[in-house]
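Student: One-letter residues, chain by chain:
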Amino acid sequence: MMSARNFPKRMLLPSVLLAALIIIPFSAPLITAEDPIKIAVRYRLAAPDLQHWLGRDEFGRDRLARVLHGGQVSLTVAFVATTIAFIIGTFFGLIGAYFRGPSEFITSRLSDIVLCFPPILLALLVVTLFGPGAGTLVAVLSVLYFPTFARITFSEALRVTSLDFVEASRALGTPSRRIVLGTILPNIAGPLSVQYSLTAAAAITIESGLSFLGLGVVPPAPSWGQMIRGARQFMNQDPLGIMIPCAALVLTIYAINFFCDRLRDTLDPKGASGSGMDEVSKPLALADAPAIRDPNVVAVINKLRLETTRFGTPAAVIEDVSLTLRANECTALVGESGSGKSLSSLALMGLLPGAIRQASGTLQLRRKTGEVVDLGFLDARTLENIRGNDIAMIFQEPMTSLNPIHKISDQMIEAIQAHRPMSKSDARAHAIQLLKRVGMNDAERRIDSYPDQMSGGMRQRVMIGMALTCEPRLLIADEPTTALDVTIQAEIIELLQTLRQDQGNGLSLLFITHNLGVVADIADRVAVMYSGQIVEEGPANQILRDPHHPYTRALIESMPSSHEGLHSTDGDRLPAISGTPPLPSARPSGCAFRDRCPIAMPTCAEIRPVLYPSADGERAVRCLRAPEAPAGLMKNHQTEAA
Amino acid sequence: MLAFISRRMAAAAAMLLVIGTIIFSLLIIVPGDPAELLLSTGGGSASAEAIANLRANMGLDQPVLTQYVTFLYNTARLDFGTSIVDNGSISSVIALRLPRTLEIIVAGTIFALLLAIPAGTAAGLRAGGKFDIATSAINALLTSVPGFVLGTLFIYFFAQILGWLPAGGYVAFATNPAQHLQMLVLPSLTVGLHLATIVFRMTRASVLEMRGHDWVRTAVAKGLRRKRVVRRHILYNALGPIITVVGLQLGILLGSTVLVEFIYNWPGLSGLLVSAVEQRDYPTVRAVILTVSTIFIGINLVIDILSSLLDPRIRLQ
Chain A
5 MMSARNFPKR MLLPSVLLAA LIIIPFSAPL ITAEDPIKIA VRYRLAAPDL
55 QHWLGRDEFG RDRLARVLHG GQVSLTVAFV ATTIAFIIGT FFGLIGAYFR
105 GPSEFITSRL SDIVLCFPPI LLALLVVTLF GPGAGTLVAV LSVLYFPTFA
155 RITFSEALRV TSLDFVEASR ALGTPSRRIV LGTILPNIAG PLSVQYSLTA
205 AAAITIESGL SFLGLGVVPP APSWGQMIRG ARQFMNQDPL GIMIPCAALV
255 LTIYAINFFC DRLRDTLDPK GASGSGMDEV SKPLALADAP AIRDPNVVAV
305 INKLRLETTR FGTPAAVIED VSLTLRANEC TALVGESGSG KSLSSLALMG
355 LLPGAIRQAS GTLQLRRKTG EVVDLGFLDA RTLENIRGND IAMIFQEPMT
405 SLNPIHKISD QMIEAIQAHR PMSKSDARAH AIQLLKRVGM NDAERRIDSY
455 PDQMSGGMRQ RVMIGMALTC EPRLLIADEP TTALDVTIQA EIIELLQTLR
505 QDQGNGLSLL FITHNLGVVA DIADRVAVMY SGQIVEEGPA NQILRDPHHP
555 YTRALIESMP SSHEGLHSTD GDRLPAISGT PPLPSARPSG CAFRDRCPIA
605 MPTCAEIRPV LYPSADGERA VRCLRAPEAP AGLMKNHQTE AA
Chain B
26 MLAFISRRMA AAAAMLLVIG TIIFSLLIIV PGDPAELLLS TGGGSASAEA
76 IANLRANMGL DQPVLTQYVT FLYNTARLDF GTSIVDNGSI SSVIALRLPR
126 TLEIIVAGTI FALLLAIPAG TAAGLRAGGK FDIATSAINA LLTSVPGFVL
176 GTLFIYFFAQ ILGWLPAGGY VAFATNPAQH LQMLVLPSLT VGLHLATIVF
226 RMTRASVLEM RGHDWVRTAV AKGLRRKRVV RRHILYNALG PIITVVGLQL
276 GILLGSTVLV EFIYNWPGLS GLLVSAVEQR DYPTVRAVIL TVSTIFIGIN
326 LVIDILSSLL DPRIRLQ
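Protein chains in written order, with the working numbering: chain A, 5 to 646; chain B, 26 to 342.
This list has only true hints and no planted wrong ones.
Listing some non-contacts, in silico: residues in chain A with all C-beta distances to chain B over 12 Å: (1) Thr36; (2) Leu185; (3) Asn306.
Calculated lysine-lysine pairs in the DSS-like style (CA-CA distance at most 27 Å, straight line): (4) B/Lys155 <-> B/Lys252; (5) A/Lys440 <-> A/Lys372; (6) A/Lys411 <-> B/Lys252; (7) A/Lys440 <-> A/Lys411; (8) B/Lys155 <-> A/Lys13; (9) A/Lys440 <-> A/Lys428; (10) A/Lys411 <-> A/Lys428; (11) B/Lys252 <-> A/Lys372; (12) B/Lys252 <-> A/Lys428.
Over 12 Å on every C-beta distance to chain A, these chain B residues come out as not near it, computed from the model: (13) Ile76; (14) Ala77; (15) Asn78; (16) Ala81; (17) Thr91; (18) Phe96; (19) Ala101; (20) Arg102; (21) Asp104; (22) Asp111; (23) Asn112; (24) Val131; (25) Ala159.
No lab work stands behind these hints: they were computed from the structure. We treat Cβ as the ideally placed atom computed from N, Cα and C, and that holds for glycine.
Given the sequences, and given the hints that come with them, work out the whole structure.
Tutor: Structure (structure tokens):
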């Protein structure tokens, strides 16, 4: 049960509004003493006065009393019918879900059939047989809506019964009745209460509609639908006559819908942020990027800082990240999930999620034309020309990265035609060439398959083929093998290696992974990321052989390596890194890794380390205790503190 | 593909049979004598002779199984029998009035799709933005206005106050095309706006969902123009769910058409239906409901086939 304390704030207004609209009609005797059915023809269509606040209708009856009493009738019919439908439907649904078998068939098929009758027509059919009246209405509405409840209960209960704790209590021999009432019902109360409100609103609409046709509530008993019907002929002289019942009806339905929407949001909060196509925020600060002189350099990330506003105040998710990507070189970006390695690459593509913005730093790219551009400040059109042409990207999930309803051929052809003016048949021939290049047998035939007809490895080959469309200078591969089987992983890595060697114009590959074993195979340089920062960077062979940062060391030690004979020497134990990386909003002072660091010192909490370059400038590390760190740093600080 | 279509058609035919059976058995399970029931008005009952006549006329004196088979046979031949009020052929009345109802529905649906799909797409693409907040608020309000209330208010504003359009009535297109179209505007607007609220909601939700999928990111990464990404990789994917929901909501749409036709004095199926219900002309009511249900099932069959054309996963399974 919901206590007053955790009653959600967003539910307060709709709940109060709904309660008021339900209570007011039923407090009619407190509001007016007038009789809703007493006719006084002398005063027909009289204007409002002190006794009759809303005036009188076409028979001289008090309109306020009629609206209030009419509300009682509409609400009673709707809520009684909905409650009956709810009880019967839930009962059938629970039985169907718990015992399955034939009862399952009845509950799921019944609603299909009832859905085929437009509700108001089914109501009319029954009215023909039984005559109009409130009782008929209740019966019809209950029959109309109980299958919907049965269906929802059935599918929701099916979901819940397969949950572990229900299976467990069934195995423990808890009686069915207790499992159903005590465990399943409370767990499906959310969707049912939403459906209850929806049904009540629909029932009011149908009741008033039938009464409007003169086939619902029998006169002289008041009802909103009837009041609109009666006032229709006089709308010219007396517009108030239609406005009042219309307003009452709309307001009531609106209150129920409003309540229902908020209830749904509260029960099932879904963020509105997607990864695919958000509006990209423009960078905050303009910074003059240093010119790239070396023609071998394809892209430079300089002191990049990305911020998110998701936690209220802006918090850095990426901080002080600098990377230089060169032609004919593979740079591996390594780290745990959440370390910011994917975000860094998405920033290069201009594909950052909407909640994250570039706060400072620069992203530069040398285009195929030789022109150097700052990616943060390009207009949308230029960025579209660069994506897929100068930079291409392969994503982690081949199963979801291709559009399931378009053929492979269409998806490849549109990528080609986006950058090269080419006829469709030429583009298709080119696409087949690309598929052959990535090792797809029978490419002529398979190009016309849909993604769902292909395995994960095949789809990743398609993705790679698509990325090669325009011979990009920079190829970003974001964990391209993580979602694949081990044997397929090796094939894809091998393919990437071959492609690097084949491509004439000096491909620069940015390879993002959490798997250091792969790094040893493919990378020339490695950058290790932790909690939004690069903590160690340098030539791959040096770093893997002799890591200087305790985090890199821990990563290498936790790798189940079969490469270097480390395997099984100390009982297959993985020295896992204890703890978890800090959230962007809760990074500790000083070094971000110190909470998990086996060699942390008190000083590590006070000084925020930067990347300290080695003497030869080949590598750098962000650790106060590393050999690269200035020798005096720790001592000086200690004396200062003392 | 062919197998898929024939499977769906068989399912639709089975559904029709079930509906026919339900409508038929309603008269059988009604307590008391149906003929007597249908002829009773208020408290008084009809003469024995009239009851016997009706029984013979509707075949109620036959054994139930014979009645059932005759009913199905005649229905399949589109012969709905005669009205118990004026003994006229029900089939020919329906043939006369059905096109007028379909005209409103088609015009209303076109209006709804043209209005709601662009608006829903724009709102979904920039969910949380100003346009989204404004349109979603208007939509929530419109959702709460029943069709007959909207129709009544339209008559008041557009016909009585502004005098732009006729308050109702019908002139055949052949007699006076301009006047016919003028009279069509308000009814189809009323039906269409109601449908538009549903389509808007569905489009917005569907676009919002599709927008977050990985393949959209791939499409952007390929360097496609924004317009093309929206059209081919968001909207095209969203279309299947949208039309499926629209199809299911058509039942409610057909129902609200009954009220809308009544309000505007549009002589379609619903005028026939309402007077038949008032006069307890069961054969006519039965025929109208069978017709409408058949249309509903037919439309959903077409939509099933359409969405399988849109999404290969449906026909591959």
